[in-house]
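Chemist: Sequence:
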Amino acid sequence: MVSFTVTRVPRESSVPPDHWIGNPPTHFQNPWPSAGHKLSLPHVLNTRFGKKRNFVPVPQDRKGLVDVQTPDWGAGRAGVKATWLGHASFLIEMLAETTSSRGMRFLMDPVFAEKMGPARLVGPARFTPTPCSLEGLPLVDAICISHNHYDHLDVDVIRRLAGSTSDKDKARRAAAGMLSPVHIFCGLGSKAWFTGCGVGADQITEMDWWHEVDIALGESTARLACTPSQHGSRRGPFDQDQMLWCSFVLRTSSQALFFAGDTGYRAVSEADIAAKRPEEKLAHCPAFSEIGQRYGPFSLALLPIGCYSPRTFMSGIHCSPEDAVDIHFDIGSKLSVGMHYGTVRGGISAHYEDVLEPPERWRAAGEKRGLVWGKDFCTCSVGETVVVE
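Be aware that the sequence shown starts at 1, since it is given in the numbering used here, and climbs by one per residue.
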């Protein structure tokens, strides 16, 4: 019988950080020039309904799309394991560093919905299926949520794995000798939402940027750090930026993993494009270099490479494949896997971004910088497990 325990690492600073609005915070903000400015309503309307749109349908024959395979969860292989469940969803299993039969398991931004919006009835639609059902997942110890957008936070998953409707999962956990319920790690301002889903307050750890916790599962230990990202949050019409967005670092004594969640890297404006300013000369988010300095190098990084078009609309909050390569270098990643593409389509980006483009640009951008495909960076199939020894 094993328990999952969480211990906060003390912090010395008492000065309100730059990303807080209010003390205690009621809202949050991106504190860097690289985030750009909030878009005006005319810009939003012109982007959504203007003449520059270039809609390219998803190939009906799935030629060139992401492959889907039945997961084996890296069985029989030793190392940190990352199984892509589609979009930004991953199952992470850290290396078992003791006589334990397995390492700690974390679900990152798990979404199994077919439509990602209110009541799962509207919003961006899935065009690549999940590799398994929710019940087909191995038992997990914790869920990490980078932010509350519908394509990263699925209420049904939370209720069924960690909430009041998780009786089947509780029975499976008890049969496996797991004493603790699924724990949730999330940004500040999120706890009330999760308790509203039936999750116990003692199952939730809210975290601020640079906040760390020590985790133990039996004899296995790890440290989880909540780290910055350049993004935003909103679940409904009146809660914009009330829940903190973040990335995560998972470290053991021998390995480190970085999960970027959803993030921009540099804001590109209409004026920048008109003046033909090289993007590499524009202000970029300094947080990733700091993440690398504090926690790198990383054995494995999971980086978003899709939903970046139109550039003047998306760049402040969604990085391009070229930006993702910059993040790879900033954090000191030894192997980076592209995510946040090839699974879901909807919203403004659907009218501008060909679903086949992100992995092509990701590979071209990395090779241009001297990275070796399959060794330094890659993509994988939905359901495939990337293992780093």
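No lab work stands behind these hints, which were simulated from the structure alone.
Worth double-checking, as some hints may not be accurate.
Straight line, CA to CA, 25 angstroms or less: simulated DSS-like cross-link-like pairs of lysine-lysine [to be verified]:
hint, residue 1, residue 2
1, Lys-38, Lys-63
2, Lys-368, Lys-334
3, Lys-170, Lys-191
4, Lys-52, Lys-38
Chemist: Please name the hints from earlier in the document that this structure breaks, with their numbers sorted from lowest to highest.
Modeler: 1
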